[in-house]
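A.B. asks: The task is simple: from the sequences and hints, build the whole structure.
Chains A and B supply the protein sequences, listed in that same order.
Read the first sequence against the working numbering and you will find it ends at 496, with the numbers running on by one and no gaps.
Read the second sequence against the working numbering and you will find it ends at 992, with the numbers running on by one and no gaps.
One thing to keep in mind: the hints can contain errors.
[To be verified] Derived Cβ-Cβ restraints for the label pairs, each shown as a range:
1. B:612 <-> A:217: 20 to 28 angstroms
2. A:115 <-> B:752: 38 to 46 angstroms
3. B:612 <-> A:168: 46 to 54 angstroms
4. A:346 <-> B:725: 51 to 59 angstroms
5. B:590 <-> A:15: 48 to 56 angstroms
6. A:15 <-> B:501: 25 to 33 angstroms
7. B:694 <-> A:202: 35 to 43 angstroms
8. B:501 <-> A:346: 51 to 59 angstroms
[Stated by the list, open to error] Computed far set for chain B versus chain A, every beta-carbon distance over 12 angstroms:
9. 589
10. 623
11. 634
12. 673
13. 703
14. 723
15. 744
16. 773
17. 929
18. 935
19. 977
[What the hints assert, rightly or not] Partner residues aside, some chain B positions facing chain A, computed with beta carbon under 10 angstroms:
20. 531
21. 545
22. 722
23. 871
Treat the hints as calculated values from the structure; they're not laboratory data.
Glycine is no exception: its CB is placed at the ideal position from the N, C-alpha and C atoms.
There are 2 protein chains.
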Amino acid sequence: MTDTTYQQLEGRFTRLHRYAHLGAMAGWDQLTMMPTGGNEARAEAMAELSVLMHETLTAPETRRLLAAVEPSSLNEAQQANLREIRREVEDATIMPPSLVEAQSLAGARCEKAWRTCRPNNDWEGFLPTFREVVRLSREEARIRAEAAGCSRYEALLQKFEPGLTLEALDDIFNDLRQWLPGLLSEAVERQRGQDPVLPQGPFGEADQRRLGERVMRWLGFDFEHGRLDVSLHPFCGGVPDDVRLTTRYRSDECLTALMGIIHETGHARYEQNLPEAWRRQPAGRARSMAVHESQSLSFEMQLGRSAAFVRQLRPWLIEALGDQPAFDADNLVRLSQQVRPGLIRVDADEVSYPAHILLRYDIERALIEGEIEVEDIPTRWDEAMQHLLGLDTRGNYRDGCLQDIHWTDGSFGYFPTYSLGAMLAAQLMAAARQAEPQLDARIAEGDPSLLLEWLRTHIWQQGSLLETPELITRATGEALNPEYYRRHLRARYLEG
Amino acid sequence: MTDTTYQQLEGRFTRLHRYAHLGAMAGWDQLTMMPTGGNEARAEAMAELSVLMHETLTAPETRRLLAAVEPSSLNEAQQANLREIRREVEDATIMPPSLVEAQSLAGARCEKAWRTCRPNNDWEGFLPTFREVVRLSREEARIRAEAAGCSRYEALLQKFEPGLTLEALDDIFNDLRQWLPGLLSEAVERQRGQDPVLPQGPFGEADQRRLGERVMRWLGFDFEHGRLDVSLHPFCGGVPDDVRLTTRYRSDECLTALMGIIHETGHARYEQNLPEAWRRQPAGRARSMAVHESQSLSFEMQLGRSAAFVRQLRPWLIEALGDQPAFDADNLVRLSQQVRPGLIRVDADEVSYPAHILLRYDIERALIEGEIEVEDIPTRWDEAMQHLLGLDTRGNYRDGCLQDIHWTDGSFGYFPTYSLGAMLAAQLMAAARQAEPQLDARIAEGDPSLLLEWLRTHIWQQGSLLETPELITRATGEALNPEYYRRHLRARYLEG
Ligand SMILES: [Zn+2]
Ligand SMILES: [Zn+2]
Chain A
1 MTDTTYQQLE GRFTRLHRYA HLGAMAGWDQ LTMMPTGGNE ARAEAMAELS
51 VLMHETLTAP ETRRLLAAVE PSSLNEAQQA NLREIRREVE DATIMPPSLV
101 EAQSLAGARC EKAWRTCRPN NDWEGFLPTF REVVRLSREE ARIRAEAAGC
151 SRYEALLQKF EPGLTLEALD DIFNDLRQWL PGLLSEAVER QRGQDPVLPQ
201 GPFGEADQRR LGERVMRWLG FDFEHGRLDV SLHPFCGGVP DDVRLTTRYR
251 SDECLTALMG IIHETGHARY EQNLPEAWRR QPAGRARSMA VHESQSLSFE
301 MQLGRSAAFV RQLRPWLIEA LGDQPAFDAD NLVRLSQQVR PGLIRVDADE
351 VSYPAHILLR YDIERALIEG EIEVEDIPTR WDEAMQHLLG LDTRGNYRDG
401 CLQDIHWTDG SFGYFPTYSL GAMLAAQLMA AARQAEPQLD ARIAEGDPSL
451 LLEWLRTHIW QQGSLLETPE LITRATGEAL NPEYYRRHLR ARYLEG
Chain B
497 MTDTTYQQLE GRFTRLHRYA HLGAMAGWDQ LTMMPTGGNE ARAEAMAELS
547 VLMHETLTAP ETRRLLAAVE PSSLNEAQQA NLREIRREVE DATIMPPSLV
597 EAQSLAGARC EKAWRTCRPN NDWEGFLPTF REVVRLSREE ARIRAEAAGC
647 SRYEALLQKF EPGLTLEALD DIFNDLRQWL PGLLSEAVER QRGQDPVLPQ
697 GPFGEADQRR LGERVMRWLG FDFEHGRLDV SLHPFCGGVP DDVRLTTRYR
747 SDECLTALMG IIHETGHARY EQNLPEAWRR QPAGRARSMA VHESQSLSFE
797 MQLGRSAAFV RQLRPWLIEA LGDQPAFDAD NLVRLSQQVR PGLIRVDADE
847 VSYPAHILLR YDIERALIEG EIEVEDIPTR WDEAMQHLLG LDTRGNYRDG
897 CLQDIHWTDG SFGYFPTYSL GAMLAAQLMA AARQAEPQLD ARIAEGDPSL
947 LLEWLRTHIW QQGSLLETPE LITRATGEAL NPEYYRRHLR ARYLEG
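C.D. replies: What follows is the structure, encoded as structure tokens:
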């Protein structure tokens with residue numbers, strides 16, 4: 001017989017799951033549908049929901065149930081769910097409500113300042129609100145680090161990657177630092193003089209959307225349980241039963257939106273295929289930010305920019321947008337795999353992207369640990385850009401340290417998950433290839449199902465039933481290992 | 497100094513207002529954006545929200561505050577708010593939470609069944625889910641009737657029209673039964689041989705939408721605080737700060753969608769112009785369903801189908817859709833005022849519309865009182881259609897008893913408010929004309945502001961600060977009187 005205390009605990013989290021559904025839909029609507037005049041009422045309603053969810057998570061009754069539950073009476077999956085429930089309650093309980101509220105206010109002010117300071121290249125104007133965000137994040141890090149018995153930055157990192165130590169992260173990133181600059185300059189050198197022909201617009205929005213939907217279907221996206229819409233910044237939101245992804249179309253270009261759609265479809269299929277039996281519980285959620293990004297990058301980078309896939313894209317592009325020289329198959333491959341170091345992270349190619357992450361990681365870690373102050377950021381940024389990508393960004397705050405929104409609301413510790421995801425994607429692809437020797441041949445024939453089924457079984461259907469290291473080891477036979485990423489980049493950019 | 501008990505009560509209702517915001521947006525999304533596979537999770541989330549709101553409304557703390565508040569310490573508006581708060585709490589306290597949740601789930605299932613059964617003319621397929629909805633509504637009616645000491649159907653009616661007795665409604669509807677059939681056949685006779693030229697499609701959806709938005713702007717709709725979208729069954733939803741209205745376009749016809757938009761714009765302007773100071777409180781809500789419908793019908797029937805307005809529509813129609821014989825000014829008036837009894841309520845002309853309501857009123861009242869069962873509805877429907885409109889609807893469920901969405905979620909008692917609204921609209925128009933003698937001349941010149949400002953002052957800005965009879969009497973000098981409606985119909989259809 002199942003522990004009734006545990007069942008009551010599940011009941012509370014089912015309730016929280018449904019509240020989160022309302023928040024997810026209101027959040028999606030805010031970014032895709034809502035007229036500007038609705039913002040104040042929406043913000044109030046969403047803040048009220050946050051308060052409600054926090055109250056439900058930290059209620060004495062929740063803690064009483066957690067203390068009373070008998071783990072030995074539970075099966076393995078229930079124990080995993082209990083572990084995730086406990087983590088979530090502890091995470092909510094650790095933060096003083098006054099600090100949470102101060103962060104929310106400071107974050108809103110800083111983001112508002114960012115929206116005007118960035119276009120004006122106004123670093124000085126940004127500093128006062130940003131300094132307050134950093135001060136509060138340091139306070140949060142101090143509280144979390146004390147409770148967890150770890151360093152301050154590690155405590156923030158673990159908000160996004162539970163269980164990831166700074167030592168493990170440094171091992172991985174130090175490895176990356178060894179070979180990335182050399183590989184990058186080799187790749188740039190190899191592509192010299194082979195600039196691809198650029199697509200010539202205008203490209204109609206409806207035509208691009210139909211093309212995107214066709215590719216989404218090919219990738220297995222279930223339109224009975226999701227939609228594709230438009231927002232200023234592409235994202236994947238909604239709930240597993242109704243996944244809402246967005247893109248932004250440009251009339252002068254067509255590949256950025258399409259690759260963005262492929263990326264978000266990776267996030268979306270993960271969500272759509274989380275374990276049905278655990279849909280309403282923490283154990284049924286996506287594992288972590290890095291694992292999530294590994295799915296979007298499996299779709300976008302491993303599959304979406306592979307020569308095999310890009311060649312299949314050609315007839316679809318022509319059917320949707322008409323033919324033109326840029327849609328020559330070899331040219332499409334060159335376009336998708338062009339390596340060109342630049343100032344902007346979100347526009348970066350697959351090889352330079354990790355450099356943008358290393359730079360941010362070093363700065364945010366030093367900032368949280370109190371080794372540098374906000375005034376030191378531009379110099380550190382310039383030095384790292386020079387060192388890693390050979391680019392001069394002095395005085396250009398807009399395309400330098402003011403380019404990202406992440407720090408404005410104190411999301412320190414998030415950036416590393418992008419590159420961890422890229423590495424994991426390469427490792428998963430290698431494991432899938434080994435398990436399914438026909439995988440590449442089948443993709444070249446227009447059938448991605450071997451890859452998608454392998455991901456479904458080994459990642460999507462696992463939800464949060466396993467901890468991340470266990471999930472990776474069971475799927476690939478070893479811990480996260482950046483060597484697969486190096487091999488992938490070498491194969492595609494130096495040997496392809 | 498204001499009573500702090502009262503302030504705490506307001507605080508709880510501010511919280512409820514924000515919860516309702518989330519529910520309103522989830523409900524709008526469900527009908528406009530949500531893919532079908534999202535239905536189950538959405539229904540669960542919305543049911544959970546209902547439970548939460550019900551718990552908040554009926555919490556011991558709410559009742560303690562209500563018992564402790566000192567009405568004499570409050571100003572007039574606060575007292576009105578307290579009255580509305582008390583009504584809402586009492587209304588919620590009557591209903592067992594288990595019944596509320598069962599109704600929400602059954603309603604969602606029945607609506608889903610309706611969406612497939614209606615196009616398939618599948619009455620038998622609809623019955624199982626509908627029978628459950630009726631069973632739960634009868635249970636609700638029994639509970640409410642016992643508490644209020646009234647009949648079961650009256651108890652449901654008062655959910656939509658607080659304070660309206662069945663006796664008063666029967667007085668009004670029996671009056672209507674006396675003169676409506678005669679007026680209807682006279683109007684049909686008078687129009688014989690004057691069939692208007694019908695618009696020839698196809699009409700593009702985007703063109704129709706632009707035309708609709710232009711008319712909405714002319715009617716004062718604020719697009720900073722609202723949107724126009726598409727749904728199967730047009731409605732006006734969202735929240736006062738962000739009003740979401742919908743229509744349904746046909747490619748072979750263009751006036752139905754446009755008149756629907758004008759109708760929903762009446763609902764929308766009421767919502768957008770509710771008193772700002774009471775936005776988050778019950779006193780700031782729209783007064784009742786009949787008053788709401790009086791606003792949409794002031795827009796659609798009193799203004800939108802008047803010869804003065806229709807003549808102004810001509811150049812806009814031509815600009816949006818191109819010219820054609822049907823867009824001749826006199827022909828447009830004939831089109832807008834054509835009396836032609838038909839099967840579909842939402843397509844009915846102004847004169848036959850009340851017959852559709854009388855039919856539904858008789859059936860739903862007998863159904864709730866247990867005098868008939870769901871299996872009896874088609875026969876009753878056929879008989880009444882034959883009697884009231886002389887039409888045969890046997891075997892045609894799609895255009896018969898399956899045509900409306902209302903009964904799928906148990907909204908019995910709602911239909912009468914449509915005709916009460918039509919009557920009130922006529923009475924309000926008469927009062928506005930008397931207050932503003934230039935009103936018709938100004939409309940004929942293309943300026944509806946005298947009418948709109950009068951409605952804003954006398955209805956929209958009043959929210960629920962007055963009870964319905966008081967609101968009507970202050971605005972028009974007398975209680976609701978169907979004679980204005982009869983005069984309006986005679987003037988337009990027999991003397992115009
Ligand atoms: Zn991503
Ligand atoms: Zn209406």
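A.B. asks: Now tell me, hint by hint, if it's right for this structure.
C.D. replies: A quick look at each hint next to the structure:
Roughly 23 angstroms separates the CB atoms of residue 612 of chain B and residue 217 of chain A, a value that falls within the hinted 20 to 28 angstroms. With their beta carbons about 43 angstroms apart, residue 115 of chain A and residue 752 of chain B fall inside the hinted range of 38 to 46 angstroms. Here the CB-CB span from residue 612 of chain B to residue 168 of chain A is close to 53 angstroms, well matched to the stated 46 to 54 angstroms. In this structure the supplied range 51 to 59 angstroms is violated for residue 346 of chain A paired with residue 725 of chain B, their Cβ-Cβ distance being about 31 angstroms.
Between residue 590 of chain B and residue 15 of chain A, the C-beta spacing of about 24 angstroms breaks the proposed range 48 to 56 angstroms. In this structure the supplied range 25 to 33 angstroms holds for residue 15 of chain A paired with residue 501 of chain B, their Cβ-Cβ distance being about 29 angstroms. For the hinted restraint 35 to 43 angstroms between residue 694 of chain B and residue 202 of chain A, the CB-CB distance of approximately 38 angstroms keeps it satisfied. Distance hint check: the CB atoms of residue 501 of chain B and residue 346 of chain A are about 53 angstroms apart, consistent with the given range 51 to 59 angstroms.
Distance check for residue 589 of chain B against chain A: the nearest CB is about 21 angstroms away, which clears 12 angstroms, and the non-interface claim stands. Non-interface status of residue 623 of chain B relative to chain A is upheld: no Cβ of that chain comes within 12 angstroms, the nearest being about 26 angstroms off. Against chain A, the non-interface label of residue 634 of chain B holds: every CB pair exceeds 12 angstroms, the least being about 28 angstroms. The beta carbon of residue 673 of chain B sits about 44 angstroms from the closest Cβ of chain A, which is more than 12 angstroms, so the claim that it is off the interface holds.
With a least CB separation of 15 angstroms from chain A, residue 703 of chain B remains clear of the 12 angstroms interface cut-off, as annotated. A beta-carbon of chain A comes within 12 angstroms of the beta-carbon of residue 723 of chain B; the shortest separation is about 6 angstroms. Chain A leaves residue 744 of chain B outside its interface by the beta-carbon criterion, the shortest separation being 18 angstroms against a cut-off of 12 angstroms. No Cβ of chain A approaches the Cβ of residue 773 of chain B within 12 angstroms, the least distance being about 15 angstroms, so the stated non-interface status holds.
No beta-carbon of chain A is positioned within 12 angstroms of the beta-carbon of residue 929 of chain B; the least distance is around 33 angstroms. Taking the minimum C-beta to C-beta distance to chain A, about 29 angstroms, the non-interface status of residue 935 of chain B holds against the 12 angstroms cut. Every Cβ of chain A is farther than 12 angstroms from the Cβ of residue 977 of chain B; the closest lies at roughly 38 angstroms, confirming the non-interface assignment. For residue 531 of chain B, the shortest C-beta to C-beta distance to chain A is roughly 5 angstroms, which falls under 10 angstroms, so the interface hint holds.
A distance limit of 10 angstroms between C-beta atoms decides the matter here; for residue 545 of chain B the minimum to chain A is near 6 angstroms, and the interface restraint holds. The beta carbon of residue 722 of chain B comes within 6 angstroms of a beta carbon in chain A, closer than 10 angstroms, and the hint placing it at the interface holds. For residue 871 of chain B, the suggested interface contact is broken, since its CB lies about 33 angstroms from the closest CB of chain A, more than 10 angstroms.
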